[in-house]
Amino acid sequence: MSNTTSEATRSEVWRSFKIAAWLGWQITSNWTDPFLFMVYSIIRPIARAAILVVMYGVITQGNFSNPLFPYIYLGNAFYTYVFTVMNGVSWAVIDDREHYKTLKYMYVAPIRIPIYLLGRGVAGFFTASLSVFITILAGVLFLHVSFDPLQANWLLFFVTLFIGVIMLAMMGLVLGAVSLLVVRHSGFLAEGVSGVLFIFSGAIYPLEVLPKWLQPVGFAIPITYWLELMRRSLIGNVAQAFPTLARFSNMELLAILVGLSVLFGTISVFVFRTCDRLARERGLIDRTTNY
Amino acid sequence: MNRPNSDGRKKNRGGRLFWQSVIARSYPRIIGQQREKSWMFFDVIMPLGSVIAYVLVYRALNAPEEYVGFVVIGGAMTAFWMNVLWSMSSQLYWEKEQGNLALYIMAPNSMMSILLGMALGGLVATILRALAIILLGSLLFGVHYVVVNPFELLAVFSLSMVALYGMGMMFASAFLLFGREAWAVSDMIQEPVNLISGFYFPIKSLPFWIAAAASVIPLTLGMDAMRQLVFPSGIRFGFLSTQLEIIALSVLSVGFLVGAKLLLDYTEKLAIREGRVTEARR
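Line by line, the protein sequences give chains A and B. For my numbering, add 13 to where a residue sits in the first sequence, where the first one is 1. For my numbering, add 2 to where a residue sits in the second sequence, where the first one is 1.
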């Protein structure tokens with residue numbers, strides 16, 4: 014009997030995730046032809062990378078061999094995942110509730126709502142992966158980013174990417190949960206939070222540049238360690254150039270990342286359950302704010 | 003010219019109706035901001051986040067202090083660009099989605115007055131946000147300004163705004179004609195314009211022909227001239243002389259306003275002939 018129950022649960026979880034991922038992809042991509050969608054997906058991250066390249070080039074007179082350049086370039090490229098994945102998960106609440114007015118139907122359907130929301134973030138993961146790939150490729154081909162695929166630690170790369178994407182999706186779930194309750198500005202949540210994390214995570218500069226009293230914030234967020242591991246997995250020598258996390262080995266960083274991700278993940282589940290219960294109690298699931 | 007209505011009240015026509023519509027459309031933008039102060043927080047803090055990040059990049063690179071000031075000015079101008087992109091260019095599209103566009107077209111006032119009202123209201127509201135960004139950015143990073151020629155600065159700023167909001171008025175019709183995904187177009191062009199207009203670095207840093215082509219966007223020349231006029235060493239980083247930039251901005255202002263009028267007339271004609279422009283397609 015219990016085997017049957019757990020199988021049914023597994024099936025429901027998988028169905029929720031699969032359908033949400035498919036739906037998210039359709040909503041994200043079917044408004045135009047594939048070529049225009051690809052251009053749309055990559056143009057923003059490429060432009061943001063180009064701003065940093067010009068800034069760097071102007072100040073260093075085009076000296077792209079300094080280790081600071083790949084540090085900035087890769088950190089910025091991988092940061093694309095942060096907004097895209099978090100927004101993909103949290104925006105589903107606003108999109109379904111305000112735009113399509115289908116959130117209430119999702120709630121009565123035989124699916125798991127948190128799993129459904131996480132599934133909606135999958136489209137963001139794919140579009141972010143495409144833009145990260147093209148940004149890094151452009152860096153290697155045109156800007157002398159010193160990346161040798163044979164020297165890269167691919168196991169570390171994929172393990173870190175996997176943990177990081179789950180961590181970001183769980184952070185998106187928190188934002189989605191908060192969106193269930195707030196009337197105003199819920200559309201800005203992911204952008205605002207990823208903007209703040211951008212400053213503190215050392216994505217485009219070493220944390221030493223921040224005032225000393227703000228640096229502990231950077232050390233407390235998992236994205237800092239995730240970005241460092243992503244950089245190290247592709248170009249290990251960059252880690253030695255900056256003292257921020259140089260005292261940690263890859264395994265130590267991975268342990269910190271896993272620990273913080275589990276902590277944030279647990280908080281996410283707790284926050285989602287609380288917000289979800291409050292939203293049901295207050296009858297907020299089918300409201301339209303028109304904000 | 004006023005004529006009595008059937009109920010004895012006078013109704014406005016011509017220029018009076020035009021300006022009445024301008025004021026009526028700008029009113030919610032200015033008053034709305036006072037009633038919804040939390041918008042101010044988001045509109046200031048979000049561009050300020052980018053300003054902080056880019057200033058810290060320059061600090062990491064040990065860049066000259068002028069660049070910090072350039073970023074703060076660029077961050078303040080971002081507020082205008084965002085306003086034009088999201089609250090001007092996309093506005094008719096939003097109005098269509100909410101069902102107001104048909105009412106605007108049916109009403110006896112000119113559509114140009116509606117767009118002008120949106121522009122003036124948006125401009126006044128955004129000036130406050132831009133000033134807040136400059137104030138906070140300057141206090142945070144200790145930026146000092148030396149205004150060389152206040153009259154030229156005022157002329158550059160005014161012309162930049164006329165040309166920029168004129169471009170927004172023109173885009174409003176264009177975005178409406180593009181179809182249902184105006185937000186995607188806005189989203190797509192936001193960052194590339196940040197890049198080619200030199201929001202965070204002097205436009206002179208780009209190759210000449212790219213900078214020249216980017217000068218079609220009014221903020222490119224506007225920011226370049228303003229940076230030359232408010233920083234002592236700004237002239238060293240200037241793309242063109244400020245006088246030349248004032249002439250170019252004047253030409254752009256006229257061009258965009260005329261373009262806005264022509265495109266709006268075309269949109270109105272299409273709305274009446276085909277009856278589909280005002281149709282919300284979800």
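These are calculated hints, taken from the structure and not from any lab test. None of the values given here were measured: they were computed from a predicted structure. All C-beta atoms, glycine included, are put in the ideal place defined by N, C-alpha and C. One should not assume that every hint holds.
[Stated by the list, open to error] Example chain B residues on the side facing chain A (calculated, C-beta under 8 Å, incomplete):
{"no.": "1", "residue": "I32"}
{"no.": "2", "residue": "I54"}
{"no.": "3", "residue": "R61"}
{"no.": "4", "residue": "V148"}
[What the hints assert, rightly or not] Computed beta-carbon distance windows for the label pairs:
{"no.": "5", "chain 1": "B", "residue 1": "P30", "chain 2": "A", "residue 2": "N263", "range": "53 to 63 Å"}
{"no.": "6", "chain 1": "B", "residue 1": "S160", "chain 2": "A", "residue 2": "F170", "range": "46 to 56 Å"}
{"no.": "7", "chain 1": "B", "residue 1": "F210", "chain 2": "A", "residue 2": "T73", "range": "14 to 24 Å"}
{"no.": "8", "chain 1": "A", "residue 1": "E20", "chain 2": "B", "residue 2": "L105", "range": "52 to 62 Å"}
Hint-by-hint comparison with the structure:
no.: 1; hint: I32; in the structure: violated, 19 Å
no.: 2; hint: I54; in the structure: holds, 6 Å
no.: 3; hint: R61; in the structure: holds, 5 Å
no.: 4; hint: V148; in the structure: violated, 22 Å
no.: 5; hint: P30(B) / N263(A): 53 to 63 Å; in the structure: holds, 56 Å
no.: 6; hint: S160(B) / F170(A): 46 to 56 Å; in the structure: holds, 52 Å
no.: 7; hint: F210(B) / T73(A): 14 to 24 Å; in the structure: holds, 21 Å
no.: 8; hint: E20(A) / L105(B): 52 to 62 Å; in the structure: holds, 56 Å
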